[in-house]
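Undergrad: Chains as they are written, first to last, in the UniProt record's numbering: chain A, 1 to 81; chain B, 1 to 415.
Hints in this document: simulated from the structure, not taken from any laboratory.
Just so we're clear, the structure is a prediction, and the values are computed from it rather than from any experiment.
C-beta: ideal position from N, C-alpha, C; glycine also.
A hint or two may mislead.
Said to hold, decoys possible - Okay, derived cross-link-like pairs now, EDC-like style, lysine to aspartate or glutamate, Cα gap no bigger than 20 Å in a straight line:
id	chain 1	residue 1	chain 2	residue 2
1	B	Lys-51	B	Asp-234
2	B	Lys-135	A	Asp-35
3	A	Lys-53	B	Asp-234
4	B	Lys-135	A	Glu-6
5	A	Lys-57	A	Asp-25
6	B	Lys-135	A	Asp-74
7	A	Lys-81	A	Glu-16
8	B	Lys-135	A	Asp-71
9	B	Lys-158	B	Asp-234
10	B	Lys-135	A	Glu-29
11	A	Lys-57	A	Asp-71
12	B	Lys-158	A	Asp-37
Claimed, not checked - So the derived list for chain B, only partly shown, Cβ under 7 Å to chain A, looks like this:
id	residue
13	Gly-132
14	Arg-134
15	Leu-139
As the list claims (entries may be wrong) - Between beta-carbon pairs, the in silico distance windows are:
id	chain 1	residue 1	chain 2	residue 2	range
16	A	Leu-41	B	Asp-303	36 to 44 Å
17	B	Ala-223	A	Glu-29	53 to 61 Å
18	A	Glu-6	B	Ile-204	41 to 49 Å
19	B	Leu-122	A	Leu-41	44 to 52 Å
20	A	Gln-23	B	Leu-128	26 to 34 Å
21	B	Val-391	A	Gln-23	33 to 41 Å
22	A	Lys-53	B	Glu-44	17 to 25 Å
23	B	Pro-104	A	Lys-4	40 to 48 Å
24	B	Ala-223	A	Ala-64	31 to 39 Å
25	A	Gln-23	B	Gly-132	49 to 57 Å
26	A	Leu-41	B	Glu-331	54 to 62 Å
Here is what each chain is made of, one letter per residue.
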Amino acid sequence: MADKEEILSGLAEIVEEVAGVAQDDVSTEKSFVDDLDIDSLSMVEIAVQAEDKFGVKIPDDELANLKTVGDAVDYVAANSK
Amino acid sequence: MSNIDVVITGLGATTPLGGDVTSTWDGLIAGRSGVRTIEADWVERFDLPVKIGASLAEEPTETIPRVQARRLDRCEQVALIAARQAWADAGFAEQTDEHTDVEPERLGVSIGSGIGGPVTLLDQDDLLEEHGIRKVSPLTVPMLMPNGPAAHVGIDLKARAGVHSPASACASGAEGIATGFQMIQSGRADVVVAGGAEACIAPITIAGFAQARTVSTRNDDPAHASRPFDTGRDGFVLGEGAGAVVLERADRAAARGARVYARLSGFGITSDAHHITGNHPDGIGQIAAMHHAIRMAGLTASDVGHVNAHATSTVVGDVGEAAAIRKAIGEHAVVTAPKSALGHLVGGAGAVEGIIAILSIYHGLVPATLNLENLDPKVDLDVVSGEARKVELTAAISNSFGFGGHNTALLFTAA
Numbered sequence: 001m002a003d004k005e006e007i008l009s010g011l012a013e014i015v016e017e018v019a020g021v022a023q024d025d026v027s028t029e030k031s032f033v034d035d036l037d038i039d040s041l042s043m044v045e046i047a048v049q050a051e052d053k054f055g056v057k058i059p060d061d062e063l064a065n066l067k068t069v070g071d072a073v074d075y076v077a078a079n080s081k
Numbered sequence: 001m002s003n004i005d006v007v008i009t010g011l012g013a014t015t016p017l018g019g020d021v022t023s024t025w026d027g028l029i030a031g032r033s034g035v036r037t038i039e040a041d042w043v044e045r046f047d048l049p050v051k052i053g054a055s056l057a058e059e060p061t062e063t064i065p066r067v068q069a070r071r072l073d074r075c076e077q078v079a080l081i082a083a084r085q086a087w088a089d090a091g092f093a094e095q096t097d098e099h100t101d102v103e104p105e106r107l108g109v110s111i112g113s114g115i116g117g118p119v120t121l122l123d124q125d126d127l128l129e130e131h132g133i134r135k136v137s138p139l140t141v142p143m144l145m146p147n148g149p150a151a152h153v154g155i156d157l158k159a160r161a162g163v164h165s166p167a168s169a170c171a172s173g174a175e176g177i178a179t180g181f182q183m184i185q186s187g188r189a190d191v192v193v194a195g196g197a198e199a200c201i202a203p204i205t206i207a208g209f210a211q212a213r214t215v216s217t218r219n220d221d222p223a224h225a226s227r228p229f230d231t232g233r234d235g236f237v238l239g240e241g242a243g244a245v246v247l248e249r250a251d252r253a254a255a256r257g258a259r260v261y262a263r264l265s266g267f268g269i270t271s272d273a274h275h276i277t278g279n280h281p282d283g284i285g286q287i288a289a290m291h292h293a294i295r296m297a298g299l300t301a302s303d304v305g306h307v308n309a310h311a312t313s314t315v316v317g318d319v320g321e322a323a324a325i326r327k328a329i330g331e332h333a334v335v336t337a338p339k340s341a342l343g344h345l346v347g348g349a350g351a352v353e354g355i356i357a358i359l360s361i362y363h364g365l366v367p368a369t370l371n372l373e374n375l376d377p378k379v380d381l382d383v384v385s386g387e388a389r390k391v392e393l394t395a396a397i398s399n400s401f402g403f404g405g406h407n408t409a410l411l412f413t414a415a
C-alpha cells in the first residue's frame, strides 16, 4: 500500500494533467470544486485515472463524498491493495 | 421587414492559408494554395483513393492552452479561435464577470457546423471497444455535439441572448451569419458573433465523400486539385477551418466609432426539395436564394457587381451554379471561387467566404480563382483568374449551398 505522501503526489500529477492545476496547489485541505475549480466532468476523469494508478475502485457514491484532496488521499490509502 | 441596419465590425478566421484573416487574405491575393498531401498513416492503411486535403495552416493548439484544448473537439477549437479574433478585431475587450463591452443579455452567437465532432465520436468508440466504458471520456457528448462550437463561443463571450448552431452541411456557415442577422433585426440582440466551423479531415469522412464520388483524386498534384469552373475539375478537396464575423446594429457601431467593413443588407435561404446531394437541375432554389437576398436589400440584380461563388470544383455543381448566377444576377458580375485555394471548409466555408466577399468590397479587390486554365464553356461568366482584380464594389453576394438542398445567399454592401 502506498503511503499518503506518494498518493498525494500521484494524485497531484493526475489533477494537473486533467485540469491544469499546478501540482504544488494540490494540497490536502483543498476542495476539488471550490478551491481547484474542477467540474464534475473532470472529476470523473480524475477518478478513472486514480483507479488505474492506485489499483482502487471508486464507486460513484464514494466519489460524491470525496470533497477535498485529503478525502481522496485517505480513501485511496484505505482501499488500495 | 425590420429597418434595423446591421454592419460588420469584426472578422476572424483560421484556414488552410493562415491562422488569421490577414494571412488568409494575403494568401488568396498571392494566389497560394492551401491544399496538401494528407500525411496521416490512415491514407495508406485504408488505401483511400483520396490522399489530399486542405488542413489548417496553424494547429489550434498553438493558440489554445493544453487543458482547454483537451476538453474541445478540433471543430470547437477552430470556432473559438475565429470568434476570439473577430471579437478583438471589433475593438472589444475580453468579457469577464467584472467588465463587459457588450451587455451579455444583448449579445448572441450563431455558429454553424456541418457535422460537429465526428472524430471525437470515432475516437471514443474505439476506446469503448478496446477498454470498455471506464475509458470513455465524460466530455464525449459535449465534444461531438454540433452545437458545441457555438456553445463554447457563447460561454467564452458571456453571450446570453441565445446561441444558435444551424446545421445545413456546406451552407451552415452562411446560415450562421443569416441567423445572426435575423437575431439583430428581430430585436433579440444588438451584437452577434456569427459564422461557421468544421474540422473533420478523417478516414471516415474522406471515405464517405470518396464513395459519393464528390472529391478530387488528383493526388499527384495537390495545389492544382481544386479547380472550380475549369474543364479539368474532378471534385472538391476537403478542408478544415472556421470563420466568424461580429454583426452589430449600425447605430451602436456608429455610436462607439467602430470600424465598419461592410453592411449586411440581405440574405436569401431556400431549399431545393429535390435530392439529398444533387442540386435542382434548373437551379430554382439557388436562383430564388439570390433573388430573395437582392430584394431584401432593396436592390436590383444590376447593383450586384460581384459573386463569391460556392463553386466547389465538382463537374455538375459548378455549371449549375454558373447558370443560376447568369439567371439571377447576369453576366456583368465579377465572379471568384475561393475554394480553389482553400479547399472546401464544409460548415466553415460560408463564413470564411463571406469574410472574403466582405474584404473584396472593403479593399476593392477580388482574389483570383486558382487553376482556371480552361474555363468550362458552359460557365460563361466573368471569372477572375491569373491575378486578383481591382473592382470598385457597392454590393456583393456570397453563395453557399449544402447537401440536403440548402441554398443560402448573403448580400453585403459597401458601408
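Undergrad: Could you run down the list of hints and mark each one as holding or not?
TA: Here's how the hints hold up against the structure:
no.: 1; hint: B/Lys-51 <-> B/Asp-234; in the structure: holds, 14 Å
no.: 2; hint: B/Lys-135 <-> A/Asp-35; in the structure: violated, 26 Å
no.: 3; hint: A/Lys-53 <-> B/Asp-234; in the structure: violated, 52 Å
no.: 4; hint: B/Lys-135 <-> A/Glu-6; in the structure: violated, 24 Å
no.: 5; hint: A/Lys-57 <-> A/Asp-25; in the structure: violated, 25 Å
no.: 6; hint: B/Lys-135 <-> A/Asp-74; in the structure: violated, 24 Å
no.: 7; hint: A/Lys-81 <-> A/Glu-16; in the structure: violated, 25 Å
no.: 8; hint: B/Lys-135 <-> A/Asp-71; in the structure: violated, 24 Å
no.: 9; hint: B/Lys-158 <-> B/Asp-234; in the structure: violated, 44 Å
no.: 10; hint: B/Lys-135 <-> A/Glu-29; in the structure: violated, 29 Å
no.: 11; hint: A/Lys-57 <-> A/Asp-71; in the structure: holds, 15 Å
no.: 12; hint: B/Lys-158 <-> A/Asp-37; in the structure: holds, 18 Å
no.: 13; hint: Gly-132; in the structure: violated, 11 Å
no.: 14; hint: Arg-134; in the structure: holds, 5 Å
no.: 15; hint: Leu-139; in the structure: holds, 6 Å
no.: 16; hint: A/Leu-41 <-> B/Asp-303: 36 to 44 Å; in the structure: violated, 51 Å
no.: 17; hint: B/Ala-223 <-> A/Glu-29: 53 to 61 Å; in the structure: holds, 59 Å
no.: 18; hint: A/Glu-6 <-> B/Ile-204: 41 to 49 Å; in the structure: holds, 43 Å
no.: 19; hint: B/Leu-122 <-> A/Leu-41: 44 to 52 Å; in the structure: violated, 20 Å
no.: 20; hint: A/Gln-23 <-> B/Leu-128: 26 to 34 Å; in the structure: holds, 30 Å
no.: 21; hint: B/Val-391 <-> A/Gln-23: 33 to 41 Å; in the structure: violated, 59 Å
no.: 22; hint: A/Lys-53 <-> B/Glu-44: 17 to 25 Å; in the structure: violated, 36 Å
no.: 23; hint: B/Pro-104 <-> A/Lys-4: 40 to 48 Å; in the structure: holds, 44 Å
no.: 24; hint: B/Ala-223 <-> A/Ala-64: 31 to 39 Å; in the structure: violated, 56 Å
no.: 25; hint: A/Gln-23 <-> B/Gly-132: 49 to 57 Å; in the structure: violated, 29 Å
no.: 26; hint: A/Leu-41 <-> B/Glu-331: 54 to 62 Å; in the structure: holds, 56 Å
The structure does not agree with the numbered hints 2, 3, 4, 5, 6, 7, 8, 9, 10, 13, 16, 19, 21, 22, 24 and 25 stated previously, though it agrees with the rest.
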